[in-house]
Structure formats: structure tokens, C-alpha cells
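Residue numbers (the working numbering), protein chains in the order written: chain Z, 1 to 415; chain G, 1 to 142.
To be clear, the hints were calculated from the coordinates, so they are not data collected in a lab.
Among the hints, erroneous ones may be present.
[As the list claims (entries may be wrong)] Restricting the straight-line Cα-Cα distance to at most 30 Å, the calculated cross-link-like pairs of lysine-lysine (DSSO-like) are:
no.	chain 1	residue 1	chain 2	residue 2
1	Z	K248	Z	K175
2	Z	K324	Z	K83
3	Z	K409	G	K23
4	G	K110	Z	K409
5	G	K32	Z	K409
6	Z	K116	Z	K266
7	G	K110	Z	K408
8	G	K129	G	K32
9	G	K23	Z	K324
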Amino acid sequence: MKTGTVEMDEIIAVNTIRKDFPILATTVNGKPLVYFDNAATTQKPWAVIKAIENYYTQLNSNVHRGVHHLSQRATDAFEASRKKLAAFINARHDYELIFTRGTTESINLVAHSFGKQFVNAGDVIIISALEHHSNIVPWQMLCEEKNAVLKVIPINEKGELLISDFKEMLDEKVKLVSINYVSNSLGTINPVREIIELSHQKNIPVLLDAAQAIQHLPIDVQELNVDFLAFSGHKMYGPTGIGILYGKEKWLNQMPPYQGGGEMIKTVTFEKTTYNELPFKFEAGTPNIEAAICLGAAVDYINSIGLQNIQQYEHELLEYTTDKLSVINGIRFVGTAANKASVVAFTIDNMHPYDVGVILDQLGIAVRTGHHCTQPLMDFFCIPGTIRASLAFYNTREEIDILTEGLKKAVSMLA
Amino acid sequence: MTINEIQDELVEEFSLFSDWMEKYEHIIQMAKELPMIEERYKKDENLIKGCQARVWLHAGFKDGKVVFTADSDAIITKGLVSMVVRVLSNHTPKEIVAADLYFVDKVGLKEHLSMTRSNGLLSMIKQMKMYALALQSTLNVN
Numbered sequence: 001m002k003t004g005t006v007e008m009d010e011i012i013a014v015n016t017i018r019k020d021f022p023i024l025a026t027t028v029n030g031k032p033l034v035y036f037d038n039a040a041t042t043q044k045p046w047a048v049i050k051a052i053e054n055y056y057t058q059l060n061s062n063v064h065r066g067v068h069h070l071s072q073r074a075t076d077a078f079e080a081s082r083k084k085l086a087a088f089i090n091a092r093h094d095y096e097l098i099f100t101r102g103t104t105e106s107i108n109l110v111a112h113s114f115g116k117q118f119v120n121a122g123d124v125i126i127i128s129a130l131e132h133h134s135n136i137v138p139w140q141m142l143c144e145e146k147n148a149v150l151k152v153i154p155i156n157e158k159g160e161l162l163i164s165d166f167k168e169m170l171d172e173k174v175k176l177v178s179i180n181y182v183s184n185s186l187g188t189i190n191p192v193r194e195i196i197e198l199s200h201q202k203n204i205p206v207l208l209d210a211a212q213a214i215q216h217l218p219i220d221v222q223e224l225n226v227d228f229l230a231f232s233g234h235k236m237y238g239p240t241g242i243g244i245l246y247g248k249e250k251w252l253n254q255m256p257p258y259q260g261g262g263e264m265i266k267t268v269t270f271e272k273t274t275y276n277e278l279p280f281k282f283e284a285g286t287p288n289i290e291a292a293i294c295l296g297a298a299v300d301y302i303n304s305i306g307l308q309n310i311q312q313y314e315h316e317l318l319e320y321t322t323d324k325l326s327v328i329n330g331i332r333f334v335g336t337a338a339n340k341a342s343v344v345a346f347t348i349d350n351m352h353p354y355d356v357g358v359i360l361d362q363l364g365i366a367v368r369t370g371h372h373c374t375q376p377l378m379d380f381f382c383i384p385g386t387i388r389a390s391l392a393f394y395n396t397r398e399e400i401d402i403l404t405e406g407l408k409k410a411v412s413m414l415a
Numbered sequence: 001m002t003i004n005e006i007q008d009e010l011v012e013e014f015s016l017f018s019d020w021m022e023k024y025e026h027i028i029q030m031a032k033e034l035p036m037i038e039e040r041y042k043k044d045e046n047l048i049k050g051c052q053a054r055v056w057l058h059a060g061f062k063d064g065k066v067v068f069t070a071d072s073d074a075i076i077t078k079g080l081v082s083m084v085v086r087v088l089s090n091h092t093p094k095e096i097v098a099a100d101l102y103f104v105d106k107v108g109l110k111e112h113l114s115m116t117r118s119n120g121l122l123s124m125i126k127q128m129k130m131y132a133l134a135l136q137s138t139l140n141v142n
């Protein structure tokens with residue numbers, strides 16, 4: 001694929017798109033902000049910002065409770081957003097989507113409720129060496145509680161899962177496979193279709209942590225036939241504090257509630273409480289109504305650009321970035337999988353990533369440095385951390401050029 | 001020199017720099033002047049855990065004064081540590097406990113004290129004061 005001006009601009013008119021994101025006009029230390037920390041969180045378009053204002057000026061009321069006008073309108077908007085998200089991932093039913101605080105809570109919900117119902121002493125949960133701490137620790141906690149065993153799919157030097165090893169791990173003891181779709185540290189896009197198929201051959205359900213996938217590539221849960229899918233609103237141009245757990249109806253119905261409280265009940269007496277139906281069984285307490293509604297606005301925004309276009313544009317930009325940064329003396333790319341999302345992680349000689357990050361910050365360039373909440377992965381590569389530039393469709397080749405120059409400057413100062 | 005005289009001296013040094021690059025080059029230079037911690041003290045119990053850069057700190061006591069030595073695996077952090085050590089080392093526990101470290105703000109490095117920086121500088125200053133406080137209470141008891 002070419003990375004010429006015409007081709008990329010034909011996919012996405014980036015200079016126009018950038019005007020949708022007011023924060024991109026910020027200056028840092030007197031220089032234009034170059035924001036390459038999109039895997040940590042994405043910036044918000046006017047469509048989302050205005051939806052937040054609209055919610056508080058026109059809709060604010062509690063959902064699913066009042067008979068009054070505002071409560072009805074808020075409930076309608078809340079449920080309309082759930083419907084939009086269901087369509088976005090092509091879920092069979094709206095009620096298979098649970099609003100959570102984010103990916104972390106979605107995974108914790110499954111670890112708790114699925115674990116309570118289906119995991120016993122001696123059982124096995126499989127994760128991978130690429131996981132974020134939020135897809136490691138909940139399972140460790142479950143395994144500790146249940147005396148179960150956590151097994152880890154190993155990776156090769158490029159940061160790709162070793163599927164042959166995975167095949168050998170699958171036996172009747174395995175109760176769940178929980179892996180990320182895209183690695184937050186390396187950008188590896190995992191062969192999830194194959195993983196789901198292999199697992200299903202042994203009747204093992206699969207949870208996909210899609211926190212780093214949902215904003216980069218189209219996801220169809222029915223076509224994937226995935227059992228659970230977790231993602232966060234703030235990584236897909238929506239508000240923080242909101243996320244989704246998608247679960248197949250058959251699993252969600254068999255799982256006990258996660259938290260007790262209002263909304264998740266049908267009837268309560270002091271002797272016995274009966275639980276509400278899906279999705280409310282898993283939505284105890286007043287949800288983050290504003291964020292849930294505005295996540296719907298983010299979905300509309302993404303749809304208006306088109307995930308296919310986003311995917312294509314980001315792929316071009318990734319190739320451009322990898323080419324450009326290759327000229328930096330001493331650069332070592334960490335994560336060189338054949339199939340990658342727009343994440344570029346690297347080290348430079350033996351420079352500490354922190355030092356490089358400080359220099360880049362002086363130049364107005366926002367990157368993430370450190371272990372990216374994947375300490376076991378950094379141990380695998382024998383490094384304290386990396387410098388990570390994670391790209392979004394509003395980033396430009398000019399910004400990559402600024403990063404390249406910034407890195408040259410950092411090298412000259414720190415070497 | 002008193003703690004405040006050293007701080008003022010640092011502020012004076014930094015006022016000479018017109019841009020951020022000179023400032024950071026000076027910090028990197030100061031990293032090289034840090035009194036190095038002896039290898040035998042560079043162990044986990046002397047490690048100040050920041051999120052990213054690691055800092056080792058040792059406090060010795062000589063002629064009624066606390067002597068700090070340190071190291072870090074990140075050079076900018078090491079430079080910042082060097083500045084704090086230069087300010088606080090060779091003073092009495094009482095002086096260290098009472099010290100108000102205004103120089104960090106005045107030389108325009110306040111952002112390095114924020115929690116998000118996670119460079120361990122804030123924890124290190126706390127740790128230095130803790131050492132001094134512990135020594136002070138030992139001295140008072142004796």
C-alpha cells in the first residue's frame with residue numbers, strides 16, 4: 001500500500017476531521033500538541049461534547065424509575081444508546097449488552113459471576129502473555145479463591161501468540177479463555193477467530209478484551225461467535241466511566257448477579273429477593289446515564305467516518321510511522337507482529353523510556369512511557385518499559401515527522 | 001551553606017537558561033555530579049518505587065549531619081535527585097525535617113513533583129525527611 005498524500009487524504013480528510021476535536025488545537029510549552037497517547041484514552045469530538053451538554057440541559061433524570069416526562073426521556077435515550085451499541089457490534093439482542101464502568105469492570109463482572117457459577121477447584125482459565133493487568137489480576141483473584149489454575153499462552157519474539165502451544169493447553173479442565181483482541185503494549189492483532197473456533201471445538205467459551213480493538217476495526221460478535229466482549233467508552237472517542245460487557249444470552253442468564261442494589265431486582269423481601277431480567281440483573285444502582293447516552297453519540301460519530309476508513313487510514317499511518325522511525329539510531333521496535341493495529345512501541349539504545357518521554361513532552365509530544373500495565377510482557381522482552389506512540393485517525397504524517405525530529409533531539413541530548 | 005542558600009544558588013543557576021533545552025542539559029549534567037550510592041546499598045530496601053524510574057537512596061550519619069547518596073536508572077530523574085541531594089545532604093536532621101523545598105517550583109520543574117510523573121521524586125523527598133525524622137527522634141532519646 002502506498003502512503004502518498006492523495007491516497008491517505010482520499011480515505012479520510014484529516015484536516016477537516018481534526019476540527020471536530022477541539023483539544024487538538026491545544027498548545028503545550030508553546031508548541032502545538034501532538035497527541036500520540038490514544039491507546040490510553042482518545043480525544044472527544046464536538047458531537048460527544050455537545051451531547052454531554054445536551055444531556056444536562058435537556059434530559060437529566062434517573063432512568064427506569066420515574067413516570068414523569070424527563071425520566072421517560074432519559075430512559076429512552078439511555079436505551080437508544082444501548083441499541084446503537086448493540087448494532088455497532090451486531091449483537092443479536094440489545095439486552096446482551098451490560099453498561100459497566102469500562103473494560104476492567106466488564107472483565108471483573110465475568111470473573112466474579114461466571115467464576116462463581118462455573119469454576120471449581122482444579123479448573124483452568126487461559127489468558128495470554130500479552131494481557132493488560134486488567135485481564136490478569138481478576139483471574140488471579142478468581143483462581144486464588146477457587147483453587148483454580150491460571151495458564152498463559154506464550155508469545156514469540158515478534159509478540160505473536162503461539163497457537164500450537166494454545167492447542168495443547170485446551171482440555172476438559174479449561175473453563176474459559178480470556179484474551180485481548182489487540183495488545184495495548186505491542187499492537188498485535190490476535191488471531192481471535194481461530195482461538196474462538198479451537199475453544200468452541202472443546203465447548204470452552206471465550207472472552208475478548210476488545211479495549212484496543214473496538215476503535216480500530218469492525219467487530220461483529222455473531223460472526224465471531226464470541227461469548228463475551230469487553231470494551232471501554234473512553235477509548236472510542238466517548239466519555240470515561242462507561243463501558244460495555246457483551247455476553248451471549250445463554251451465559252448471562254446462567255450467571256448470578258455481580259452487585260446487589262436497586263435496578264437489578266424484581267421483588268425484595270427480607271426473606272428473599274428475586275432478580276430482574278437482562279440486562280438489568282447486572283446493572284445495580286444508578287448507572288452513569290450521561291456517559292451511556294453520550295457513548296451513543298460517539299458511535300454515531302465513528303459510523304459517520306466509517307470503521308473501514310479508520311482502519312485503512314490508521315494502517316497507512318502505521319506503515320509511515322514505522323518507516324520514518326527506522327532512521328533513528330539505536331531504535332528497537334518492540335512488537336513486530338505481522339498483523340498490527342496502530343501502536344508503535346520501541347526503545348532507543350539503553351536510554352530510559354522515561355527520559356525520552358520527558359524530552360518529547362517539552363516538545364509538545366504526548367507519548368506513553370513505561371510498562372503500560374503489562375509488566376509480565378516487559379519482563380519477557382527484558383526491558384523496564386517502552387516508549388509507545390499509539391495513533392488515531394486524527395493523527396497526521398506531519399505529526400509523525402515532528403515525533404521523528406523530537407526523537408532525534410532526545411537522542412542527541414541523552415546519548 | 002544553609003539549605004535555603006543552596007536552594008537560592010540553584011534558582012540563580014537556572015535563571016541563566018533561556019530555553020528548556022539548556023535547562024534539561026543542565027539537569028543531565030547534574031546527574032553526573034550525584035554522590036553515588038555504594039553498590040552494597042543498592043538493594044531493594046533502599047529502592048524508592050516510582051512507577052517508571054527507579055531511585056535508590058541511602059542515608060548516612062556523620063558528625064551530626066545526614067549524608068545522602070543515591071542513584072537512578074533514568075538520567076533526568078537522576079539529575080533531579082542530584083539537585084535534592086545537593087540541597088538536603090550535609091545538614092542536621094532537624095534542618096532537613098524543617099526544610100521547605102521551594103526551589104523545585106522556582107526553577108520551573110514543579111511538574112516533576114506531580115503524581116502523574118511517577119518518577120519517585122516526591123516519594124524520595126518524603127523518604128529523606130523520614131530518615132531525618134527517625135534520626136532526630138533517636139538523637140532526642142539519647
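Evaluation of the provided hints:
1. With a CA separation close to 16 Å, the supplied pair Z/K248 and Z/K175 stays within the 30 Å bound.
2. Restraint check for Z/K324 and Z/K83: the C-alpha separation of about 42 Å exceeds 30 Å, so the hint is violated.
3. Between Z/K409 and G/K23 the CA atoms are separated by roughly 14 Å; this keeps the pair inside 30 Å, and the hint holds.
4. The hinted pair formed by G/K110 and Z/K409 meets the criterion: a straight-line CA distance of about 23 Å does not exceed 30 Å.
5. Annotation: proposed proximity of G/K32 to Z/K409 holds, straight-line Cα distance about 20 Å (limit 30 Å).
6. Of the pairs offered as hints, the one joining Z/K116 and Z/K266 holds, with about 21 Å between alpha carbons and a cut-off of 30 Å not exceeded.
7. Distance hint between G/K110 and Z/K408 is fulfilled; the C-alpha atoms sit about 26 Å from each other, no more than 30 Å.
8. Between G/K129 and G/K32 the alpha-carbon distance is near 24 Å, which keeps this suggested pair within the 30 Å criterion.
9. A distance of roughly 29 Å separates the Cα atoms of G/K23 and Z/K324; the hinted pair therefore holds under the 30 Å criterion.
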